[in-house]
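Generate coordinates for the entire structure from the input sequences, incorporating the hints supplied.
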Amino acid sequence: MIFPTDALAQEALTPLSLAGAVVIGTAFGFVLERAGFGRAQVLVAQFYGTRMTVYRTMFTALVTAALGVSLLSAAGLLDLKEVTINYPTFLWPMIVGGLLVGAGFVISGYCPGTSVVAAASGKLDGAFTVLGVVLGAVLYAEVQPALGAFHDSGKLGSLHLYDLLHLPPLALALVVAAVAALSFKGATRIEQLVNQARAAKASAATTP
Amino acid sequence: MAKDPSKLWNPYVAGVALGLVLLAAYALTGKGLGASGASFRVGVAALQAASPAHVEAVPLMAAAIEDGPPLRYWLVFQVLGVILGGFLGALTSGRLGQETLRGPTFGVAPRLALAVGGGALMGVGAQMARGCASGQALSGGALFSAGAWVFFLCFFGGGYGLAYFVRRQWT
Chain A
1 MIFPTDALAQ EALTPLSLAG AVVIGTAFGF VLERAGFGRA QVLVAQFYGT RMTVYRTMFT
61 ALVTAALGVS LLSAAGLLDL KEVTINYPTF LWPMIVGGLL VGAGFVISGY CPGTSVVAAA
121 SGKLDGAFTV LGVVLGAVLY AEVQPALGAF HDSGKLGSLH LYDLLHLPPL ALALVVAAVA
181 ALSFKGATRI EQLVNQARAA KASAATTP
Chain B
1001 MAKDPSKLWN PYVAGVALGL VLLAAYALTG KGLGASGASF RVGVAALQAA SPAHVEAVPL
1061 MAAAIEDGPP LRYWLVFQVL GVILGGFLGA LTSGRLGQET LRGPTFGVAP RLALAVGGGA
1121 LMGVGAQMAR GCASGQALSG GALFSAGAWV FFLCFFGGGY GLAYFVRRQW T
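Those sequence lines, one after another, are chains A and B. Residue 36 in the working numbering sits at position 36 of the first sequence, with consecutive numbering throughout. Just remember that the working numbering sits 1000 ahead of the position in the second sequence, which is counted from 1.
Hint data in this document are derived by calculation from the structure and do not stem from the laboratory. Among these hints, one or two may not hold up.
Claimed, not checked - Each computed DSS-like pair below joins lysine-lysine, with the alpha-carbon atoms no more than 30 Å apart:
1. A:Lys155 to A:Lys81
2. B:Lys1007 to A:Lys201
3. A:Lys185 to A:Lys201
4. B:Lys1007 to A:Lys185
What follows is the structure in structure tokens.
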């Protein structure tokens, strides 16, 4: 096992590991910007069916990383458990949290990460979204004690789809990659249908 | 050479690049990508400056200061990088410039109000779910965490469910 490395482990909080975090963040921010994710219209077009860039980019990224992780793990280079331990499942807060983040995304036009990119490129709506995320996070921490057991409800620990399906991680990654490729064709079809319907509506509105 | 600000990377190329950044994060640091955790730390740091006793009395905030100053945290440094990378990307693509992105018939003030409001919903949701679109859906999803996939589905459900009601800010 070579990875994850001890030198750059995020728990270490050494000057080297913190510098590593800045470098990774810089690459992350640059790619998000170049994908167009610093612009609200590019992001929200996903939810109006006119341009499904978010779905394509995110699912491609997910498949790329999943294939990479499972290949490194199968080759004995990566200790998968060292990484997956950081992503436990808490079912109920993740359901409610997912709905809230999705709703907040289409209202603000960004997700918490892309709003940082938008703010860094001068977009005021991005900066206001960043402010909102800070306020919301603090607000939840304030009210969380009053919500009783909710925050830790549906605690299933480190639970993974390949365990539930009894598949090796690499096999599941290959299946998901195939599903992704097929779904991208479906996404193109949806875009065509939506944009045709919009064009028809627009021409009907201008014809006397 | 003239820059075309509307020119974006092909989504599949951007996806592979994003996936490789995520893979590097896992392999080198043991953790993925994220953002909302850093936002929380910034809020906690601001509150701590105003009222240290209050921060110690709120369980989630107390957990954030357990190991020292709230800003001494890997995600805070990663997000500093995101600011730098986002700035460099915008600078080199011709998309750098002060503006408020919105539809042609929608005002600046209501757009900024929706940005704060939507951001606050995401701040609440991401604290509940232990992560946002990057920290949970993408970083947990690529590891096939069951909770991350549930979050991912609910994220799209919430977006599609509400899109109709806020469509006027984009048209």
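Evaluated hints:
no.: 1; hint: A:Lys155 to A:Lys81; result: holds (18 Å)
no.: 2; hint: B:Lys1007 to A:Lys201; result: holds (28 Å)
no.: 3; hint: A:Lys185 to A:Lys201; result: holds (25 Å)
no.: 4; hint: B:Lys1007 to A:Lys185; result: holds (22 Å)
Checked against the numbered hints above, the structure breaks none of them.
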